[in-house]
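Those letters in the sequence shown? Residues 1 to 314, per my numbering, in order.
In case anyone wonders, no lab produced these hints; they're calculated from the structure. Treat the hints loosely; a few may be bogus.
Subject to a maximum C-alpha distance of 20 Å in a straight line, what follows is the list of computed DMTMM-like cross-link-like pairs (lysine to aspartate or glutamate) [said to hold, decoys possible]:
id, residue 1, residue 2
1, Lys3, Asp162
2, Lys45, Asp163
3, Lys259, Glu239
4, Lys75, Glu30
5, Lys226, Glu253
6, Lys216, Glu253
7, Lys45, Asp77
8, Lys259, Glu238
9, Lys259, Glu223
10, Lys226, Glu263
11, Lys216, Glu239
12, Lys216, Glu258
13, Lys43, Asp163
14, Lys216, Glu238
15, Lys11, Glu139
16, Lys216, Asp234
17, Lys226, Glu239
18, Lys129, Glu139
What follows is a list of derived Cβ distance ranges for each label pair [unchecked claim]:
id, residue 1, residue 2, range
19, Leu53, Leu154, 22 to 28 Å
20, Pro267, Gln218, 24 to 30 Å
21, Leu154, Glu30, 15 to 21 Å
22, Gly229, Ala108, 57 to 63 Å
23, Val63, Arg114, 20 to 26 Å
24, Glu223, Met293, 24 to 30 Å
Each residue gets a CB set at the ideal place from its N, CA and C atoms; glycine is no exception.
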Amino acid sequence: MFKDLQEIESKPSTYSLTRSSVALRQLLLEPNGVLQQANRSRKVKLLFPVRTLAKEPDELELVVHGFGSEESTGKLDQFLAQPCLWLLGYRYTARDIVTICANKEGGAHFDHVRDAKEQSLVNLTWAQKGIRINDGAYETPLLFVLAQIISATLNALGPLNDDILKPTAPRRPKTVISTTKNSRLGWLRRLFERLFTMEAAAPPKTQAVDERPLLKGQTFHREEIKLGGIRYEDCKFEECRITYDGSMPFWLERCSFEKCTFEMFGPALNTMRLFQSWYQSGEGGKRLMIATMAELRPDGSSRANPRPSDLPRH
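Model the full assembly from the supplied sequences, consistent with the hints where possible.
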C-alpha cells in the first residue's frame, strides 16, 4: 500500500489519485485500519504536519492550503482534523477530502446523493475559477489537495515503512551462567560454549539401501502373488497365481515354483507381446529375442553398453 502511494505520487493521474482515496481511507480513517495493525507491535512514533491558523480565512470563493515542511508536527487525529480547503463558506478538513473522494467521487463508490457541502467541492474545477494547472492530473481542487495529503502521509509513514523493511537478525537466547571458579555449574557453561562455537558436522555418508520390503524363507501355498516392489529370497511358491503388471521392479533370488500360473498385465504384457511378435516373425526375430534376453543384466541394463565397472582396468 505504501509503495502504491509512492507510485501515484510520482506519476499522478485523475484516475490514480481518485483511487488512492481508498488506500488513504484504509490507512488513516478506519479505527482499526492497516496503519494501526502495522504499528501495533513496532510502536514507531509517527508525526504528521499540523498547522495552527491565527484566524480562519475570510469567506472567499476559494482558498487552498497545502502542507509545507515548515509546519509543526502532531498526531494523526490532529492532521485529519485540520482544514486545508475553504470554498463558498465551507471548510474542508483532510478527513473530509479523503471521505468525499472515496465515498462520493468514485474512489470506492460513486454517489450522486450529496449534501450542499459535498456537491460544491465535487463540481468545482480550476477552469471555472479561471485558474490553469499545467499538470492535467490536478484538474480539480479536490484532487490537488488529495495529492498534498498523499505526500504528507508518505513523509509521516516513512519511518514505519523503513522499520518494516529493515532486516532483522535472529536473536540468540541469552544464557546467564555463573562463572565462579568453584561453581558447580562450570561444566554447564563450558558445554554451552562448545555448542555455540561448534561448526555443524556434515551428515555421515551412507550407502544406498534397497528400501523394497524383503520376504525371505517363506512358503506360499495357493495364494495370489502380485510381483512388484518386493524382494523374494529363498521362498517357495506352491500352486500360486503369480501376476505382474510391470509398474514396479521386483527381485526373485533362489526361489522355487511348483504348479504355479503366471499372468501379466499392462506394460509387462505389452513387453511380452513384443517378444512374442519377434519370435513368431521368423528365424531372424527369434535370434533377436534370444539375443536381447541374453544381453539383459539382472538390473535391466544391457551388456552391449558396458558400465564403468565392466571396463578393463589398467
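### Query
Honestly, which of those hints from before does the structure not fit?
none
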